[in-house]
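Trainee: Now for the letters of each chain:
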Amino acid sequence: MNDFHLLHTEGLSRFYPGVRALDSVDFDLAAGEVHVLFGENGAGKSTLISLLAGANTPSAGQIHVRGAPLQFTNVQDARQEGISAVFQEFSLIPTLSVAQNLCLGEEPVQHGLLDKVALLQRAQRSLDELGFEIDASALVATLSRAQQQMVEIAKGLRGQVSVLILDEPTASLTERETTKLFALIRRLKTQGVGIVYISHRMQEINQIADRVTVLRDGKKVCTVKAADTSHDQLISLMSGRTIEKIYPHIEYRPGELVLDIQQVSTPSGVHNASITVRRGEVVGLAGLVGCGKSELLRAAYGLDAVSSGKVFLKGQDHTRTNPTKSLKAGYFYLPPDRKSEGLVLGFCSAANITLSALSGPLRGLSGWLRKKDAQSMASAAGEQVELSHRNLGKTVGLLSGGNQQKALFAKGLTRAMDLYVFDEPTVGVDVGTRSALYKVIKQLCESGAAVVLISSDLPEILHLAHRAYVMYGGEVMGELQGPEITEGGLLNLFFDAKETLA
Amino acid sequence: MTTQNAVALPTAPPTLPQRAMQVALRLFVQLGVLPFMLALAVLVFGSLSDPFLSTQNLMNLLRQSVYLILVSMGQMLVLVTGGFDLSVGTTMALTSVISALVMQTLGSSLPDMAGLVIVLGCTAGLIAGLTVGLLNGLGIAWAGVSPFIVTMGVQSIGFGAALYLTGGVPVNGLPPAFSDLFGFGNVLGLPLPVLVTALCVAAIYLLMNRLPTGTYLLAVGGNAKAAALSGIATRKVLLMAYIFCAVLASISGLLLTARVETGEANLGGTVALESIAACVIAGVSLRGGIGRVPNVVMGAIFINLVQNGMNLTNVGSYLQMVVLGLLLIIAVVADQFRQRMILPSPT
Ligand SMILES: Nc1ncnc2c1ncn2[C@@H]1O[C@H](COP(=O)(O)OP(=O)(O)OP(=O)(O)O)[C@@H](O)[C@H]1O
Ligand SMILES: [Mg+2]
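Order-wise, the sequence lines are chains C and Z. Going by my numbering, the first sequence opens with residue 36, and the numbers climb by one from there. Going by my numbering, the second sequence opens with residue 1425, and the numbers climb by one from there.
Bound conformation, chain C alone (with noise of 0.2 Å):
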């Protein structure tokens, strides 16, 4: 090695029964740049990072830091040499507070005992320092995903850091968010910290990569200059293949009227919220986090209470429901949190399909289980959405962060429903599966159904929505039709007059 490494991998490689997960990886990092690692669902991106993190032993290979060979046994021996990570999976604990997550393992201490004060400081600065609007003595199991995904951040970033690494950080982060991380990024790197960064937003690329490396089936595929290369070039890089459109056309043409949310406020937040969905149409729900946009769907699912206002399925009154009422009234609702609330970690996927279905079509007259049926069922939503056989087998809790997403999104196609609620569908997807699952989008819709989208990646609105809603605080900020749903059209309604004034 001739140039200065902060970080370098030779033949690194991390083997589990069946399955090379990483295989024979060389791979640096230099001081100041941000190098992204791109690759399919399952490609070994965030196994390499959990190695370099100490998260984790390789099977085979060598990890240097600054030219010496080290070995980690675990994340604190990491964290000695400066390096910290931000794992796709969260490592909060959610019966402490903010403030004690923050400082788990480096509680401020005061002749021997706990510093509650300093401790509570400590944790609101770093929160506000980073621009995160968060309350450090809150429970983190009262915080929506995308804040503890802002947590995670400011954890990350504690202590002394020369590189950082990021395993899909924006993946439940909203634009404004997103932009707060991306200006931190440029700061480290001006001071010289080496980042490692993952993610399935190929627009992100754009913005803070230096350098691709590229994965597939564990092997490195190459490293290329972020610069010098086409988005086309980095998918057929990565998957072998070329996808030609990401975004199908989904044709417009709006039925009766499906879903009716009439000035609805909810306890979580949501004030006067109305919004209407027809069959035919794919209507998206765009906002900031913690804006109200997955709360009133949820409360309209009968997951959260309706304090005022009333709901309408089909013309039938439904406002005061629950999961089971609204299943059965043909109501699906997607989870945006795979592990807390879509999947049965222990089960494998497969089953975790097929679990809502095991009280209707899989129930034999006699109310045995159909075995058989579960079986081609499973196999028939995992192929739609490109989930291999191979993993229908599997245990979910150990597949890659994308497949899992695959996995959850298969629940919602074993029976035929009137309405689909999809939040945040394709967090931590790849573009290959991605485009696969905007197809299925596009087959429910086409064929009748009506398709509710909550998301925070805004291409997603703006391809896919022919209706949009923007919300912010709680309430419905403005809705957009066809051809004025464009970036700006959206982003103005993002935030309140009063902040675009400031």
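Derived by calculation from the structure, the hints in this document are not laboratory data.
Keeping only pairs whose Cα atoms sit at most 30 Å apart, straight-line, the calculated DSS-like set for lysine-lysine is:
1. C:K429 - Z:K1649
2. Z:K1660 - C:K374
3. Z:K1649 - C:K151
4. Z:K1660 - C:K151
5. Z:K1649 - C:K374
To spell it out: a stretch of chain Z is covered by chain C in this simulated footprint if at least three of its residues, at any positions, have a beta carbon under 8 Å from a beta carbon of chain C; those stretches are:
6. 1621-1635
7. 1641-1651
Ideal Cβ placement from N, Cα and C applies to all residues, glycine included.
Following the hints, put chain Z with the ligands in place on chain C, whose structure we already have.
Mentor: Relative to the frame of chain C, chain Z with the ligands by itself:
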């Protein structure tokens, strides 16, 4: 979005009973169901039985409660890590038998040195407890076996060993000074067992609230994998929890031995269930991650209070079991409601 929203007050001017309800509701959300059950029990037994509220009976109650308080404290330490310890009863028995045997044997050969005999006896008993904790901790933290299996196995081993050592008969002939001091002694006007327990409670309170270790215990129970990724040595934390638990049970065993003036293998037969019940009533989560020391002390006192009250009002021991079981279930159900009020979205 905040927790206050869940119990937001309506704007119409409230009447007096409404106000009282609201205050009660807020107290319930903050403190849980235990204070209400405690108040109710005091009210009921106080009106049914005159001696119940006498200073003497209350002091008696406190003195009876210390054994369960100590064990429950230890039980809480392992419950918050997401496990439990079924072998606390055995730990008490083994401590009792071994300390008594040592004191009996040494006492006959060194009749003039009661102090030394007592110190050696207690040490032997504590070492026995420590061994039990070490076995539990190693089995659970290093071998990765479930707490249910490990502590149940150890409980059987310990009980068998205690019976084997004594042949099933109580060990007599302890130095009188041992019982005079640790069973019936007073220091600063307080019974010594109460004082020892108070010290232990204070120590555990410090551990849980003012030392990083307390946070680690909660973190391991809240999400073990996340705790490990945060650089916490989860195995050491687990090992420590089981050792502390066993030592607390062991101290309880010593105090009880002094009280009954014999070493008995049957000591602490029901204490495993009672201590878990005390913790659960006190709002300790069986899934780990949540637990408060003062509440657990209250929980243990509550169980003894109900037993004491039922004894005074002549409720038979069979019916007592029914009542205790009911109370446990009511407490857990109420706690579920409370959880739902704190976290707005039930997921
Ligand atoms: N503990 C484990 N046991 C068995 N297989 C595993 C384990 N951990 C990971 N794998 C497998 O290793 C492969 C690589 O997984 P990894 O999480 O690194 O993918 P990834 O590139 O991060 O994907 P994504 O973009 O979906 O997050 C996957 O096929 C996964 O199923
Ligand atoms: Mg990953």
